[in-house]
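Protein chains: 2
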Amino acid sequence: MKPTLKRIAILGSTGSIGQQTLDIVRANTDKLQVEVLTAQNNADLLIEQALAFEPNAVVVGEEKYAYVKEALQKHDIKVYTGADALCQVVQMETVDMVLAAIVGFAGLRSTIAAIEAGKSIALANKETLVVAGELVTSLAKEKGVNIYPVDSEHSAIFQCLAGEFHNKIEKIYLTASGGPFRGKDSKFLSTVTKADALKHPNWSMGAKITIDSATMMNKGLEIIEAGWLFGLKPEQIDVIIHPQSIIHSLVQFQDGSLKAQMGLPDMKLPIQYALFYPQRVASSFKRFDFAAYPSLTFEKADTATFPSISLAYEAMRKGGNMPCILNAANEIAVSSFLNDEIGFIEIPKLVEHCMNKVSHITKPTLQQYIDSDAEARKVAQSLTKKKIHS
Amino acid sequence: MKPTLKRIAILGSTGSIGQQTLDIVRANTDKLQVEVLTAQNNADLLIEQALAFEPNAVVVGEEKYAYVKEALQKHDIKVYTGADALCQVVQMETVDMVLAAIVGFAGLRSTIAAIEAGKSIALANKETLVVAGELVTSLAKEKGVNIYPVDSEHSAIFQCLAGEFHNKIEKIYLTASGGPFRGKDSKFLSTVTKADALKHPNWSMGAKITIDSATMMNKGLEIIEAGWLFGLKPEQIDVIIHPQSIIHSLVQFQDGSLKAQMGLPDMKLPIQYALFYPQRVASSFKRFDFAAYPSLTFEKADTATFPSISLAYEAMRKGGNMPCILNAANEIAVSSFLNDEIGFIEIPKLVEHCMNKVSHITKPTLQQYIDSDAEARKVAQSLTKKKIHS
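Here the protein sequences come in this chain order: A and B. Going by the numbering used here, 192 is the number at position 165 of the first sequence; the sequence numbering is gapless. Going by the numbering used here, 37 is the number at position 10 of the second sequence; the sequence numbering is gapless.
One chain only, chain A, in its complex shape (with noise of 0.2 Å):
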């Protein structure tokens, strides 16, 4: 082992954000090595990214346990499973820091374990801090670690506030492509598919965030994690719908001065710059070019058409378990919708009766939290058989 290598562990290094994190690993072998890999079902990936990184251990879903160690038992590779597993993978000595890609509500436990263990944190997982911002801020900060946001708009953000966190924030703006259904009214959206809905006009990603982005739920999650990341309050977060995804966000500092961090979208720029802050590594992404794009465009976010953006602000407002509440909910309308159970136009409106259903706490423990989710998805989930079967 270099001593020079800067040792990460990848959760959920099977999906988008996991796979594009070990490319760059690939091109970067003489500044990063890869301690531990982790996912929940893709076993044959696992095991192929396993030879080939060689980390010291992979955790994965139980159901894939005995196949994958079965795979890599010729390996100097220690196989785990199970949530306790992954809590302590993270704290090993040998890693450094931890890219968090677990999508949903399940890759909060082991974040939190990380950050108890005082890792970096290369953060993709939004859910962290939507749902329990001021535990997981407050303890990074008591723990001195540090968050480096992978979402390109927090990283955009945080790349503008590089050489600027002595100076006050006005504003932010958080761009937003607008999704497949930009310009649409809700009576379009009462037609859609999922077939619809999965395609994204500028980012490939997974399942379960590009519907988010159809439903503009991603930028309401993304609303209240930059008001965790950055110490904002909800009035001074901006969305303004920029199709062209170039400006991936801006800053305007108290001078009235903005600064935009800009290029094409590719997801591995925010990561790279998660991985090697401060440092800017030499990268051989393609490079934008103004001859492609003449026009950068801008238009307010329809939150009438889209209600998730209100939805996610009355959210932050309200505080405590509230995004809590608002996340678990989404996550179960957006899985009843890829499940056919449920149209495009009801999820938000799920959102919303669990929101004024489940009970709110003000200040909620870790232990709240995860009980005010598991209660939010049976509520969601109830709602969603009552219409089915209405």
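These aren't lab readings, by the way, just hints derived from the structure by calculation. Among these hints, one or two may not hold up.
Same chains, same label: a pair holds when it works inside one copy or across any pair of copies.
[Unchecked claim] In silico lysine-lysine, DSSO-like type, Cα no more than 30 Å apart, as pairs:
#	residue 1	residue 2
1	211	221
2	33	295
3	376	413
4	260	313
5	91	390
6	295	195
7	327	295
8	235	390
9	198	295
10	235	195
Chain A is already provided as a structure; the job is to place chain B on it using the hints.
For chain B alone, kept in the frame of chain A given last:
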């Protein structure tokens, strides 16, 4: 005198930049104190400014010396005249920072004097670096002096580099409005009048700079200036036409990420940034609003119609005294145009002729810069006369 105040000398206080600087002082009397004001001809405004800001000293052109001396005699304000006096006042112990806003070659000596005395420089005078960039930047390095750019484009680059000075710049984009004749051809340009050329679409500036903006020599000078300020080669500097003047310039780093600084066209922002760097002081400057700019557009610069840009790249590549020759010839050409002695399209032609006629010196001394400047002016003037008499 309160010790926490930053004490500034404003060279060229009656010009556009000088006046705007005083507006900033007016809004920040708890942070800034005017030590020196200087002007060439506008005696009445200089007197008014001196009475309002009570500087330690003022310097004025010889013709107005007696008049200003008389007006200020009952006040505790010293009045000087002459180039030597200009160099001496900037070196006074009570001056912390020199805002160098004298237009043209005339600003060079006093800026060098300020650097020699170890004063921080807020640089609004392009020519200092265009003419003698090598000499000035190496002197600044030797004296540990920081040069803060005031030009909106260079300020934008400088703002984008905050927190990034350790990272390699791949390239920069200097944005250009394109001036009043964007999209026109040479035939059209052969018909334009002084009045046409003095109408800039976005910025309100002095006459010299406004004409430079119409010929795009302004951008040419900025290319050379950027090379010295940020240590860039000609091929690392690109010009992109952006008619709205909202993105003030961009930096592309070696990871492919672009950072842009944006805002409404208002010179007060870059002036204030230079005065207070690295602090951003709260301002009441009008804020940018995406609703007013639904589209930001970009075009390639038309160097066939506007050859000044190509001339500047050529001067930069040749180096030595060539940018000095370009600058001197341009000053004469613009002034001849403003005196109705030559036509608009003859401005770059005259510059090109001078670049071919005046002998190239690879490593000039300050005296050789001064001589090259004088020679280029003489050659330019003789070409102007020839034209008039032909």
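Hints, one by one, checked against the model:
1. Taking the shortest Cα distances, residue 211 and residue 221 sit within 30 Å of each other inside one copy (16 Å), while across copies they are farther apart (50 Å).
2. Taking identical chains as interchangeable, the C-alpha atoms of residue 33 and residue 295 lie at most 30 Å apart only when both belong to the same chain, with a minimum of 17 Å there against 44 Å between chains.
3. Only within a single protomer do residue 376 and residue 413 lie at most 30 Å apart by alpha-carbon distance; the minimum there is 13 Å, versus 80 Å between protomers.
4. In this homomeric assembly, residue 260 and residue 313 come within 30 Å of each other (Cα to Cα) only across copies, at 22 Å, whereas the closest approach inside a single copy is 35 Å.
5. Taking CA atoms no more than 30 Å apart as the test, residue 91 paired with residue 390 passes in neither setting, with 38 Å inside one copy and 71 Å between copies.
6. Proximity of residue 295 to residue 195 under the C-alpha cut-off of 30 Å is found in both arrangements, the shortest distances being 29 Å within a copy and 19 Å between copies.
7. In this assembly of identical chains, the alpha carbons of residue 327 and residue 295 lie at most 30 Å apart whether taken from the same copy (28 Å) or from different copies (28 Å).
8. Taking CA atoms no more than 30 Å apart as the test, residue 235 paired with residue 390 passes inside one copy only; the shortest distance there is 28 Å, against 63 Å between copies.
9. Both within a single protomer and between protomers do residue 198 and residue 295 lie at most 30 Å apart by alpha-carbon distance, with minima of 26 Å and 20 Å respectively.
10. Within a single copy, residue 235 and residue 195 get their C-alpha atoms no closer than 34 Å, and across copies no closer than 37 Å, so neither meets the 30 Å cut-off.
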